[in-house]
Amino acid sequence: MSERHFTTRRGFIAALGFGAVSLYGAWAAYGAAPLPFGGHSGHKDAARETDADGHGGHGAAEGMAPEEFRFEHDFFVRKYAQKDGSVNPHADADAHGHEGDAHGGHGHADAGHGPGAATASGEPADLYLMAQKFAYSPDVLRLKAGQAYRFRMMADDITHGASIQLGSASRIIRLRPNVVTEQTITFTKPGEYLVYCTVYCGQAHDAMHGRIVVG
Amino acid sequence: MDTLSTSFAPAGATSRLTARVASLPSADKALLALLFGAALLALVLGLVGGAVTALARAGALTFLPDDAYRILTLHGVSVFFYWLYLIQAALLLVLAAAENGRGLALRPLAWTGAALMLAGFGVSEWISATGTPLLYDGSPELAADDPRSVGVFALGYLLLSAGLVASAVCGIATVLQPRLRGEAGEFTSIGFALFAWAGFLVVSAIAATNAFLPGLLWALGAGPFPADHGTEWHILFHNLHYLPLMAAVLVWYVLSEHLTGVTSIHGPRLSKIVFAAYLVFVPPTSLYHMFLEPNLSESVRVVGSLLSLFVSVPTLAAFAIIVSSLEASARARGATGFFGWMQGLPWRNPAMANMGWAAVNMMIGITFAFVLIQEKLAPMLSDTFFVPGYFHFFAVGVLTQTFLAALMVILPALGGGSLWRPDLLRRMPAVVTIGLLIFGAAGITAGFMGVPRRVFDVGYGGMAPAAWPLLMALVGVGATIFAIAISVTVYGVVRTLLSLRPSGGQAPVVDWRTGSRGVCAVPAWTGPLSVAALIAAMYVFTIVAFQLIQSLPIIAIGGGHGH
Ligand code: HEM
Ligand SMILES: [Cu+2]
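In order, the protein sequences belong to chains E and F.
Using UniProt numbering, read the first sequence as starting at 1 and increasing by one per residue.
Using UniProt numbering, read the second sequence as starting at 1 and increasing by one per residue.
Mixed in with the good hints, there may be bad ones.
Example chain E residues on the side facing chain F (calculated, C-beta under 7 Å, incomplete) [to be verified]: (1) Gly19; (2) Val21; (3) Phe134; (4) Ile158.
Computed list of chain E residues with no C-beta within reach of chain F, every gap over 10 Å [what the hints assert, rightly or not]: (5) Glu3; (6) Gln82; (7) Asn88; (8) Gln132; (9) Lys144; (10) Leu166; (11) Arg171; (12) Arg176; (13) Glu192; (14) Cys197; (15) Asp206.
If you are wondering where the hints come from, they were derived from the structure by calculation, not from laboratory data.
Where a beta carbon is used, it is the ideal one built from N, C-alpha and C, also for glycine.
Just chain F, with the same shape it has in the complex (with noise of 0.2 Å):
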């Protein structure tokens, strides 16, 4: 039925992702291994900036406060741009590379913009740690004294943009030659969907050079000053986290088909129209960051509210296109057990481990994520710690576990070695999600109470709740939590980057496949369940938000506030 499912090798042997891989160019696998490498240290100082700052949220550090403010700028800066951009250049090259099959096409280019990232990434950690705080937005009126600081930190983005626009024009470049050629037919769904994953990329560092370059031209005294950052951020902003979210589905579906050689069930069509829906259902979903936006006219604001309830259509379909495929696989083949039939999933592979435990927090995320969007709710939760306490289910225990995953499977194809001690590896995500749970229960509890985000000292001089402190404490033990077991997976992902040598043992994998027939006679319920516990759990969190803000010894009309 798809496409994808035609070239497979026998069960047990390298996959069509593998052996694709480890046949590249050698000119390719170099360019490849620099971006993981270069992706990996912006994982690791952003790791280390994650944990100082959590220990020092918890009152267990105590820091000047501009050094604090630093701090959570590497943090920032380090993890949510240059972590997760250069692994999607790297995870967009390379799958390309993979779908073309004889490596990058117009590779002079993927070479230029890998080259300008990395200035990027210099410019913008060296001016993070020296110079004037400036929180990984840079918004540029907290340096209004301080152009020199603005300006670099804008160029840094700058030159991360353009080497991202470079990359996804090799990418798409990459995708398309084997159709110039004649090679190939139709875009398989992988095909699709790096297309569109790509162009979105190029939209985005659009959106970045119309949000950073004012704030360069006026440090160099070429423009004026850019007092309307905070919009032309928030557009950008909401673009630049729905980006990993669709490359993460896409590494769930390369990797579901890696594991278990299973492909949609549904066919390559239904997918591609998810991933074209990303383009459709992303960018006007926006609005709900802007809720507390004393300018925000009436009509925007329910206009907003509505869309933003449409914002998680694209990630609820690729997941039940993935659960309900693999589970009518498992059931053909004789899998029973309501939920049973996920014991035959590969979990001693640690990838299939961090993918399995990346959709649980993808459904705790998007749990909180709703909670937030309600426009009558934010002005009760919008800049607490409400917000850091549920995104980082999506930013570690979705995204970076994901893009972990990938490298756990195609670093070994790419360098020839193996993965270093799986069986310690694919216990880490469990410990990773239990960090995780201690820290968003606490962190979201703190925000419902009203502790701010991005402020060290939660005492006020005595007058802030005793239980804020609390809190805080428990998010630096969820925080340690998560960051010891991410810091082992790093660890074992680093060493399979550097790893030569072939070791026997292989991470397993199973092979699923069927032919098309009798796959879907029986029930899959375990999708539609999922969904249905989410929307439980959403209304339980939606509820107790309400009646809080309704038990509040105040009645208020305006600013920010459905009127």
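One chain only, chain E, in its complex shape (with noise of 0.2 Å):
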């Protein structure tokens, strides 16, 4: 047989079903890079998220029982409801004051995660989202932007999604039954983000959402 040129042997033609490994080279410029080696790997802006690296786990909040949530939901929702119909953590405490005595005696594990202690702390302060056919509560969300908030998801009957529109794109985030998702966000823009489910879960899933509005 004649000398083969190399771009028709074997080994060539082997390497090119590899090719899109390759690709490993854009993940790791954006420190997305599943194994540590690539450059800066972590650390860079691109995955800020994974600067969370350290504490393990994942997106499940380890530990909070359906029970659990649908307790700390209600209590959410009806500590911060407003005349609107809106939620707002950051609602003055005076304006609630019964309730504000409440709350440091209420035997809530999470009483030092309250948005008024969270602020001065820069913790997170924990928010409670349900997801059900087909609707969210609390249907309108008031925030504040800077602050950190621990988003506590659970969707109430069957899967939904609980994505956040944020103008140029979405954060899309899928919901299961029972299942409390934990999320660490902080809106860096004041303005109003639609709330949306992404996963077909019935006849008024196109109707589904819900708004947050950070101030």
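The two chains are supplied separately, each in an independent frame; assemble them into the complex guided by the hints.
Have a look at this one:
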């Protein structure tokens, strides 16, 4: 057989098969590579999220049972409900003086994580968002820019989404029934953000949406 | 070199494939014609559903919500399950029978398989049209109050799976028969690929049973509610979309030989390794469908990300084998020009045109698939229109066009008729690609912006960005274009299936077979350049996606996100 040009050799052909693996380079450049090699992994801006690498675990909040979530959610909604139907965890404690006192002593495990305390300490404040056919509870949330919130989210009946439209793109969130999902989110710009369901959930799926008003 | 290149008829005469198909026993021909016809019927039903869905999403048609979701269900069920699986069963059987040379082994089993699949087809279409809309994944939680819909829907897929197992076993027996009789020695690469493909079909049918039997049992009151459907479905679904891709690559092998006489210049062993590689590379790469699942652990997420980089290995390797073999053979016959050698391919044959454009669509599809499989980008793109926006390049551009190309070659040999208006058909793939480019560009942009899939009215009471409905209108325009072009091709293929009268003209083929000497002395750059262009495109769109996700006014930690 005559001498083969390298582009027609088997080894070269097999190597071409692995061509797409080279995308690893792009991932590494953005700190999103799954292995610790390939440049500066993890701590560049791109994956700000990887900053959290230290504390392990994953999206589902460990330890929070669905029943506990329901309890905390109901408490959260009742405590911070506003006249216009929205929920504002920053509502002035004075306006709810009687509750404000109660908060200190009601025995909630998260007493220290209330928004008031959080703002002072830099700790994220706890929020509860429940998805069910075909709405969110709370329906409208009033939050502050620059403040970190620990969103605790759960679907009550069947699988839903709780995605947040952020202008040029969205952050897609999938919620499974009775699985408490936790994400810590800081909005960096004030505005009104659409929250919408991105998992088909039945007849009125199209209409399932809520709102986050960031002031 | 390749055992396949031994028994050729002279150039211009019927190829080995068509000669063997033409000489199959008439009982086999009847079965195959039935399966091809049923597959085409599924495609027609699905095309109508797809076109209506697209127009509804574009705002050009309005339906009550349940009806809209029924149509979407009909679309997904018809095309993804019945068109793609009936055509695979039919192609497996016809190629196995041609490989065997004497027809199907275990013919009664093949008929049983066909009967089961057709029963499944009827059941699935009926419940999709009349039951609670479950979409093509049939998630039971959507109809917890309607066990009948869940049970009947599951029954349809279970019948299809059972029929596929029967067909696959028949295919395996048919490929093995000459070897068992001692009439043939080693597997040819096609024989081996058929064997691997059939095995993969059986495994997937088991996964399907695993996913859908619990729903049927629950509906019958014989089991608990299938709360785990989501996970079972993901495992099944991943296999389900690589199986047809493997089949398409196999068809490219077969068609390249039919159209040009060229078989792999790298020998059968490399091809066999590549086909076997599907079984190695596909199942472990399924994790990327689950990046958004709240329960996925961090270690699984990391492993999934890494493995997903390898998902295209067998497909790109097969592409490189075919392209380098064609280019080297063309050059050995004096073809020149960097890409000019391609002019010698029989483009006037619509099967060639379909296959060539399918390769282009594949490159586009892989580009975007690799944006989606990055776990840090999944929280921006999963569950959005990005997903249908890119996968129709595969579903329509690659798979449907490739299988239709196979039908253009096989049906005239099977029925004795001739291909309907090849001069018109050969122009369709370019139109399909233009339509897909509009559909894909608008759909992928919409996905980047967060437009959800499976939502017909994306207004959200005026809160959605103003661009959303506009982009979806463009999706409708692209869909209309490719729907029309594919319909013309389908019409031509159906006419071909029904035509019995041989006409003088045969769709043109070329004969590039050369001796094994001198074939490889000159460089063959088309394959490597295509892969380089693919990598460049993947880089561009991955970087765009990273830039976009970083620009969002949000800092987030956790929840389906690297953490
Ligand atoms: C006339 C050609 C076609 C048109 C116009 C079309 C259009 C569409 C549209 C607009 C959607 C998105 C629905 C949504 O998520 O809101 C869709 C979904 C889908 N299409 Fe197509 N399609 C066509 C052909 C095909 C073919 C040939 C296949 C497969 C071989 C296919 C497979 C699918 C699948 C699996 C879905 C997902 C269904 C679901 O989400 O439940 N389509 N199609
Ligand atoms: Cu929902």
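The hints, checked one at a time:
With a cut of 7 Å, the hint placing E/Gly19 at the interface with chain F holds, because the nearest CB-to-CB distance is about 4 Å. For E/Val21, the suggested interface contact is upheld, since its CB lies about 5 Å from the closest CB of chain F, less than 7 Å. With its C-beta approaching chain F no nearer than about 10 Å, E/Phe134 sits outside the 7 Å limit, and its interface hint is violated. The criterion of a C-beta within 7 Å of any C-beta in chain F is met by E/Ile158, whose closest approach is roughly 4 Å, and the hint holds.
With a least CB separation of 6 Å from chain F, E/Glu3 falls inside the 10 Å interface cut-off, contrary to its annotation. With a cut of 10 Å on Cβ distances, E/Gln82 stays outside the contact zone with chain F, its closest approach being about 19 Å. Chain F leaves E/Asn88 outside its interface by the beta-carbon criterion, the shortest separation being 19 Å against a cut-off of 10 Å. Listed as outside the interface, E/Gln132 is consistent with that label: its C-beta sits roughly 13 Å from the nearest C-beta of chain F, beyond the 10 Å cut-off.
Chain F leaves E/Lys144 outside its interface by the beta-carbon criterion, the shortest separation being 13 Å against a cut-off of 10 Å. Listed as outside the interface, E/Leu166 is inconsistent with that label: its C-beta sits roughly 5 Å from the nearest C-beta of chain F, within the 10 Å cut-off. Not every CB of chain F is more than 10 Å from the CB of E/Arg171 (nearest about 6 Å), against its label as outside the interface. Under the 10 Å C-beta cut-off, the non-interface status given to E/Arg176 relative to chain F is violated; the minimum distance is some 6 Å.
Non-interface call for E/Glu192 relative to chain F: violated, since the shortest CB-CB distance, roughly 7 Å, does not exceed 10 Å. Taking the minimum C-beta to C-beta distance to chain F, about 8 Å, the non-interface status of E/Cys197 is violated against the 10 Å cut. Its closest Cβ contact with chain F, about 5 Å, brings E/Asp206 to no more than 10 Å, contrary to its assignment away from the interface.
Against the hints set out earlier in the document, violations occur for numbers 3, 5, 10, 11, 12, 13, 14, 15.
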